[in-house]
Each structure stands twice: as structure tokens, then as C-alpha cells.
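2 protein chains.
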Amino acid sequence: MADFTNIRALTFDVFGTVVDWRSGIAREAEAILGPKAHALDWGALANSWRRPILQAMAPVRSAERSYVTMDALHRETLDVALAEFGVTDLDETEKHRLAMGWRRLDPWPDSIEGMNLLKAKHAVVALSNGNIALVLSMAKRAGIPWDTILGADLVRTYKPDAAIYDSASRFLDIAPSQVMMVACHPGDLDAAKSRGLMTAYVHRPLEWGPGTERPLPEAGVYDVIVQTVTELAEVMGA
Amino acid sequence: MADFTNIRALTFDVFGTVVDWRSGIAREAEAILGPKAHALDWGALANSWRRPILQAMAPVRSAERSYVTMDALHRETLDVALAEFGVTDLDETEKHRLAMGWRRLDPWPDSIEGMNLLKAKHAVVALSNGNIALVLSMAKRAGIPWDTILGADLVRTYKPDAAIYDSASRFLDIAPSQVMMVACHPGDLDAAKSRGLMTAYVHRPLEWGPGTERPLPEAGVYDVIVQTVTELAEVMGA
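So the protein sequences, as listed, match chains A and B.
The working numbering applies: residue 8 is where the first sequence begins, and numbers increase by one.
The working numbering applies: residue 8 is where the second sequence begins, and numbers increase by one.
What the hints contain is simulated information worked out from the structure, not anything from laboratory work.
One or more of the hints may lead you astray.
As a list, the in silico EDC-like pairs of lysine to aspartate or glutamate whose alpha-carbon atoms are at most 16 Å apart [stated by the list, open to error]:
#1 Lys102(B) x Glu120(B)
#2 Lys43(A) x Asp96(A)
#3 Lys147(A) x Asp180(B)
#4 Lys147(B) x Asp96(A)
#5 Lys102(B) x Asp180(B)
Computed list of chain B residues with no C-beta within reach of chain A, every gap over 10 Å [claimed, not checked]:
#6 Gly41
#7 Arg72
#8 Arg111
#9 Ala140
#10 Ala146
#11 Pro193
The calculated label-pair distances, taken between Cβ atoms and stated as ranges, are [stated by the list, open to error]:
#12 Leu61(A) x Leu213(B): 39 to 45 Å
#13 Glu91(B) x Leu61(A): 33 to 39 Å
#14 Gly194(A) x Ala226(B): 53 to 59 Å
#15 Lys128(A) x Asp10(B): 39 to 45 Å
Remember, it's a predicted structure, so these values are computed and weren't measured experimentally.
Just so you know, even glycine gets a beta-carbon here, dropped at the ideal spot from N, CA and C.
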């Protein structure tokens with residue numbers, strides 16, 4: 008077992024790792040579109056919305072496009088998802104309300120308990136592609152107990168840009184090796200590892216819905232591989 | 008009574024408003040210097056250290072000097088304070104430990120209770136001249152329940168620079184009028200008010216020690232004038 012006594016802060020990915028965006032967006036979409044007599048596959052709609060959001064970050068990362076917040080990306084990509092499902096009857100207010108639905112996501116069942124356990128000995132920090140206001144609003148609604156939030160609006164780029172991981176140890180004033188990145192996405196963890204951070208993989212087989220499970224990483228690829236944040240807290244001796 | 012239903016976030020000054028830096032630094036100084044047979048007026052030493060810290064922010068604010076963190080200012084101004092008290096026998100390790108004493112300050116007796124009450128309906132945010140790591144370390148030790156920390160290292164200047172207050176509403180994605188600055192220093196509140204923030208004055212008569220009490224601001228100068236953070240929570244309907 009690796010030695011984790013040196014770890015001072017756990018920096019968490021938010022979307023997928025801490026919160027279940029797919030169920031939350033399915034619920035938000037149904038709440039707004041259901042009463043307008045749309046009967047869609049809400050989970051599929053959530054996936055069809057999430058994909059262009061991820062794609063929209065690439066030109067910001069490569070500096071082809073100036074930084075815009077994830078809130079803004081949610082609003083602009085909504086039109087793509089709605090078009091795909093043939094929805095044409097939302098007004099601007101409804102679209103805004105739905106785009107802000109990404110601020111109203113619920114955590115996975117283990118997230119808050121695990122984070123509270125970890126907080127006893129470690130700083131529990133959001134290192135998110137979400138902007139601060141997005142992650143903070145979500146936390147206030149859902150009771151997610153961040154010690155502090157490092158949003159993408161601080162460095163004005165998106166993970167897995169190396170600048171984000173480098174900024175975490177700089178803002179926290181600790182060595183990269185004292186930071187452990189916690190995520191369910193190999194791409195996030197691989198980039199963190201390449202910048203000298205420790206890594207914890209949390210398995211979220213249902214992130215994209217039933218039947219989309221990715222294989223677990225092989226043992227040793229990351230410093231920790233767990234099924235839940237509570238299991239991570241156990242491993243960290245919290 | 009003003010209407011505060013529009014307020015979404017309370018942004019707190021930290022040093023003096025939330026924590027009692029004078030008692031904390033007196034204790035830290037005594038812990039390091041006492042065993043070396045120094046018997047000083049520890050509170051006076053704390054004041055003599057705090058003054059050059061505040062002065063050292065001015066050249067950063069005016070851009071005569073590049074931004075350096077408050078942690079760094081603590082270390083460099085320590086030499087000024089020690090010289091004033093004739094202390095010449097601290098080595099680098101001891102000086103570093105003492106400078107980091109600013110991360111180990113305790114809150115005033117009402118701070119945590121008041122903040123926890125306010126958190127039910129509002130975002131409780133640090134808007135500090137401290138860098139994130141300094142404010143976060145202090146919070147972890149003392150149990151200060153920030154929803155998030157906006158440190159001076161984000162904008163790389165010092166209050167009362169207007170850029171800091173403007174950044175608060177930008178990072179929180181709310182109007183300046185939805186932010187209430189909470190501080191015990193008129194200069195901080197005056198600057199916040201001039202940028203459109205609401206203002207709450209908390210009276211901290213002992214900030215600089217016994218016999219240094221400043222007069223209460225006249226009624227109406229700030230939106231709220233209270234004696235404690237718990238009283239602020241009452242006024243805000245928390």
C-alpha cells in the first residue's frame with residue numbers, strides 16, 4: 008500500500024465523480040419539457056447534451072476561443088441537444104432555467120458521507136471545469152461540504168489543461184505530490200499524474216447510464232482505485 | 008429596516024472581523040520566544056507586526072511592486088517587528104514557524120456560530136487579503152465554515168483595491184447589490200459600497216487590544232451595524 012501520510016488536499020472532479028449529472032439533468036428536462044407534452048428518453052437527452060459540452064471545451068483549451076464559463080457552455084449547447092430531439096417550443100426563460108439545471112444536480116449516495124470523513128484530516132477541494140458560481144450553487148442546494156472551490160474561471164481554461172493541475176498546488180501552497188486528484192475519468196487522472204499529483208480513481212459505472220460501464224483501470228495505474236468516496240476515506244485513514 | 012431578501016452572498020473580511028489576530032499572534036510569539044527567555048509585551052509585538060503588514064500592501068495595490076502573498080508579507084515584516092523588540096536570536100526555521108502563526112488564529116467567540124446560521128440561506132465567502140492557502144489552513148484548524156474562499160491571490164492585489172470587490176460579484180455570478188461585504192474596518196466597507204456592494208459593519212473593539220476602541224459608525228453609514236456575527240445572522244433573518 009502506498010504511503011498517503013504526505014497528502015494534504017484532495018482535489019475533486021465534480022461532474023460525474025461527485026454528482027450524478029445524468030439523473031439530475033433527466034429530472035430537470037422532464038420538469039420543464041414534460042408539462043409541454045414532450046415524452047422523451049430523458050437520460051438519452053442528458054447524454055446528448057453532455058457530449059457537446061465536453062466538445063465545446065476543446066477550443067478554449069487550445070486557445071482558439073477565449074474562455075467562457077461552463078454555465079455559458081451549458082446554455083449554448085442546449086440548443087444542439089434540443090434540436091436533436093426535435094424540441095422547438097422553449098422560450099428564452101425556459102432555456103435559461105434548463106441550462107441552470109446543471110446547478111441543481113444531486114451527489115451520488117456516497118459522496119457527502121465520504122467527503123465529510125475526509126475533511127477531518129484533509130482539505131476537500133473542488134477542482135472543476137465548472138465555474139465557481141456553478142459549483143457553489145450546486146453545493147449550497149445539495150449540501151456538498153467543500154472546504155473551498157477552485158473553478159475553471161480562476162485559470163480560464165479547462166481540464167485536462169496542465170495549467171489547472173499546476174494551479175491547484177500553487178493556490179493551496181503545497182507540493183504537487185501533496186495533492187491527490189479524485190476523479191472517475193482516466194483522462195483527468197492521467198493529466199494530474201503527469202503534473203506530479205497523486206491520483207484516486209472512483210468508479211462511477213452509471214455516469215452515462217445503464218450499459219455504458221467502462222472497465223476498471225488496471226491495478227497500479229492510479230494510486231488508489233475505489234468504488235466510492237467512502238471507500239476512499241477508508242483507504243486514506245480518515 | 009432595509010430589505011435584505013435580495014442578498015445571496017456574504018463576503019467576509021477575515022483578519023480582525025472573523026479572527027482575533029492579536030491574541031493569536033501574541034500566543035504564537037510567546038510560544039516561540041518565551042522559551043528563549045524573552046519576556047515581551049506580546050500584544051504590543053502583535054500590533055507592531057500587523058502595522059508593517061498593512062503598509063506592505065500599499066505598493067502592491069499601486070502596482071509599484073508585483074503581487075506577493077500575505078504569507079510572504081508576514082515573513083518579511085517579521086524582521087521589522089523583531090528588530091523593534093530587540094529580538095535577534097531566531098533562526099530561519101523559527102522565523103518561518105512564527106510567520107506561519109498567522110495561519111493559526113482563532114475566531115472571535117461569535118464568528119463560527121453566526122456564520123453557521125448565515126449559511127442556511129446565504130453563501131458565506133471569504134473575501135480576504137489573505138491568500139487562499141492561508142485562509143484555508145486557518146479554517147481547517149479553527150473550524151471556520153467557509154462555503155468558498157476568494158483569496159487575494161486570485162486578483163493579485165489587495166483590498167481596498169476596487170478590483171477585489173468587482174471580482175466577488177463576477178466569481179459568484181450575482182449583481183454587486185446581491186453581495187454584502189462584512190467587515191470591522193470602515194475602509195474595507197467604504198470601498199465595497201463604492202463598488203455597489205451592500206455593507207455590514209461588525210464592531211470589534213478589541214482588534215488592536217484594550218483601550219484602542221474606535222467609535223461606532225453613525226447609523227445609516229452602512230446597511231447593517233452590529234456587535235457580532237450572530238447579531239448579523241438575526242438581522243439577516245437567518
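Okay, the hints, checked on the actual structure:
1. Restraint check for lysine 102(B) and glutamate 120(B): not satisfied, since their Cα atoms lie roughly 33 Å apart, outside the 16 Å limit.
2. Between lysine 43(A) and aspartate 96(A), the direct Cα distance comes to roughly 8 Å. Compliance with the 16 Å bound is thereby established for this hinted pair.
3. For the given pair, lysine 147(A) sits about 14 Å from aspartate 180(B) by alpha-carbon distance, which is consistent with the 16 Å threshold.
4. For the hint pairing lysine 147(B) with aspartate 96(A), the CA-to-CA distance comes to about 49 Å; that exceeds 16 Å, so the pair is violated.
5. Annotation: proposed proximity of lysine 102(B) to aspartate 180(B) is violated, straight-line Cα distance about 40 Å (limit 16 Å).
6. Remark: the non-interface label on glycine 41(B) is consistent with the geometry, its nearest Cβ contact in chain A lying 28 Å away (cut-off 10 Å).
7. For arginine 72(B), the shortest C-beta to C-beta distance to chain A comes to about 19 Å, beyond the 10 Å cut-off, and the non-interface label holds.
8. A cut-off of 10 Å between C-beta atoms confirms that arginine 111(B) is not in contact with chain A; the least separation is 15 Å.
9. For alanine 140(B), the condition that its CB be more than 10 Å from all CB atoms of chain A is violated, with the nearest at approximately 3 Å.
10. Some Cβ of chain A comes within 10 Å of the Cβ of alanine 146(B); the nearest lies about 7 Å off, and the non-interface call is violated.
11. The beta carbon of proline 193(B) sits about 28 Å from the closest Cβ of chain A, which is more than 10 Å, so the claim that it is off the interface holds.
12. About 53 Å separates the C-beta atoms of leucine 61(A) and leucine 213(B), a value inconsistent with the hinted range of 39 to 45 Å.
13. At about 57 Å, the beta-carbon gap between glutamate 91(B) and leucine 61(A) misses the expected band of 33 to 39 Å.
14. Look at glycine 194(A) against alanine 226(B): about 57 Å separates their beta carbons, and that is inside 53 to 59 Å.
15. Look at lysine 128(A) against aspartate 10(B): about 43 Å separates their beta carbons, and that is inside 39 to 45 Å.
In this structure, the hints that do not hold are numbers 1, 4, 5, 9, 10, 12 and 13, in rising order.
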